[in-house]
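If you want the building blocks of each chain, they are given just below.
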Amino acid sequence: DAGVTQSPTHLIKTRGQQVTLRCSPKSGHDTVSWYQQALGQGPQFIFQYYEEEERQRGNFPDRFSGHQFPNYSSELNVNALLLGDSALYLCASSLVSTYEQYFGPGTRLTVT
Amino acid sequence: GQQLNQSPQSMFIQEGEDVSMNCTSSSIFNTWLWYKQDPGEGPVLLIALYKAGELTSNGRLTAQFGITRKDSFLNISASIPSDVGIYFCAGMYSGGGADGLTFGKGTHLIIQP
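Those protein sequence lines, which keep their order, are chains E and Y.
The first sequence finishes on residue 114 if you use this note's numbering, and the numbering steps up by one all the way, no holes.
The second sequence finishes on residue 138 if you use this note's numbering, and the numbering steps up by one all the way, no holes.
Quick caveat, the hints were computed from the structure, so don't treat them as lab data.
Treat the hints loosely; a few may be bogus.
Claimed, not checked - Not the full set, but computed from the structure, chain Y residues with beta-carbon under 10 Å of chain E: (1) Q31; (2) F37; (3) I38; (4) Q39; (5) G41; (6) L58; (7) Q62; (8) P68; (9) F98; (10) P106; (11) S107; (12) D108; (13) F113; (14) G129; (15) G131; (16) I135.
Unchecked claim - Computed cross-link-like contacts, DSS-like style, restricted to lysine-lysine with a CA-CA straight-line distance of at most 27 Å: (17) Y:K130 to Y:K76; (18) Y:K76 to E:K28; (19) Y:K95 to Y:K76; (20) Y:K95 to E:K28; (21) Y:K130 to Y:K95.
Every residue gets a Cβ at the ideal spot worked out from N, C-alpha and C, and that includes glycine.
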């Protein structure tokens with residue numbers, strides 16, 4: 003049973019560029035949530051997707067956007083990258099009817 | 026963004042000792058989750074709590090959902106070297122269905138030789 007997978011593992015971008023991160027949920031899960039984890043901090047909720055729509059959003063600007071595909075996989079897009087966007091980006095999957103969220107290994111984004 | 030107050034920030038213990046950590050919030054939650062994160066990895070779910078006063082065990086780990094719904098506790102008995110890592114509490118208040126989690130800043134567990 004495959005767990006949550008994310009790609010790429012690491013990414014280096016320049017300020018002002020755009021980035022797309024990808025996530026495949028755990029088999030059988032229908033909901034994907036994205037989190038940002040700065041060094042030394044706990045994860046911060048960005049948004050959640052269910053049935054290909056954004057279901058809930060945390061306190062992040064519109065530069066952060068996402069998408070969910072019919073196979074439940076998801077993308078996180080960040081436009082106009084800032085140095086402060088450097089972080090570990092985590093994807094978590096779950097069933098919309100339950101509360102347990104399972105995390106992938108994350109994508110380490112460095113903005114220079 | 027909002028974060029939970031998690032304490033202690035770090036713990037230096039001897040192998041075989043018991044460990045206790047807690048998490049408090051100014052808001053009530055109807056779900057508490059505890060995760061462990063190793064360097065370079067994503068958080069791994071340890072225990073989920075759904076009801077105020079609930080006490081749940083997973084091997085040497087025991088967690089409790091505080092009766093005020095604003096706190097939770099995690100205990101680890103007879104610590105072993107592989108327990109080293111960062112432990113996060115996470116809370117959710119949901120009106121129906123899974124929502125985003127609010128995390129603490131973590132408790133860093135270090136086992137002294």
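Now for the hints, and whether the structure bears them out:
Of the supplied interface hints, the one on Q31 of chain Y holds, with its beta-carbon coming within about 8 Å of a beta-carbon of chain E, less than 10 Å. Because the closest C-beta pair between F37 of chain Y and chain E is about 18 Å apart, greater than 10 Å, the hint is violated. A distance limit of 10 Å between C-beta atoms decides the matter here; for I38 of chain Y the minimum to chain E is near 21 Å, and the interface restraint is violated. For Q39 of chain Y, the interface hint is violated, the least distance from its beta-carbon to any beta-carbon of chain E being 25 Å, above 10 Å.
Violation of the interface hint for G41 of chain Y is found here, the shortest Cβ-Cβ separation to chain E being roughly 28 Å, above the 10 Å cut-off. The beta carbon of L58 of chain Y is positioned within 10 Å of a beta carbon in chain E (closest approach about 7 Å), and the interface hint is therefore held. Interface restraint check for Q62 of chain Y: the shortest CB-CB distance to chain E comes to about 8 Å, inside 10 Å, so the restraint holds. For the restraint placing P68 of chain Y at the interface with chain E, the shortest Cβ-Cβ distance is roughly 5 Å, inside the 10 Å limit, so the hint holds.
The beta carbon of F98 of chain Y is not positioned within 10 Å of any beta carbon in chain E (closest approach about 17 Å), and the interface hint is therefore violated. Interface restraint check for P106 of chain Y: the shortest CB-CB distance to chain E comes to about 22 Å, outside 10 Å, so the restraint is violated. Restraint check, S107 of chain Y versus chain E: the minimum CB separation of about 18 Å is more than 10 Å; hint violated. Proximity of D108 of chain Y to chain E is violated relative to the hint, the smallest CB-CB distance being about 19 Å (cut-off 10 Å).
This hint holds: F113 of chain Y has a C-beta 5 Å from the nearest C-beta of chain E, less than the 10 Å allowed. At about 5 Å, the closest approach between the beta carbon of G129 of chain Y and any beta carbon in chain E falls short of 10 Å, and the interface hint on this residue holds. About 6 Å separates the beta-carbon of G131 of chain Y from the nearest beta-carbon of chain E, less than 10 Å, and the hint is met. For I135 of chain Y, the suggested interface contact is broken, since its CB lies about 15 Å from the closest CB of chain E, more than 10 Å.
Between K130 of chain Y and K76 of chain Y the alpha-carbon distance is near 23 Å, which keeps this suggested pair within the 27 Å criterion. Proximity of K76 of chain Y to K28 of chain E is assessed by CA-CA distance (about 26 Å); at most 27 Å being required, the pair is judged to hold. Simply put, K95 of chain Y and K76 of chain Y have alpha-carbon atoms about 12 Å apart, close enough for the 27 Å limit, and the pair holds. Taking the CA atoms of K95 of chain Y and K28 of chain E, the gap is near 30 Å; set against the 27 Å cutoff, the hint is violated.
For the hint linking K130 of chain Y to K95 of chain Y, the alpha-carbon distance of about 16 Å falls within 27 Å, and the restraint holds.
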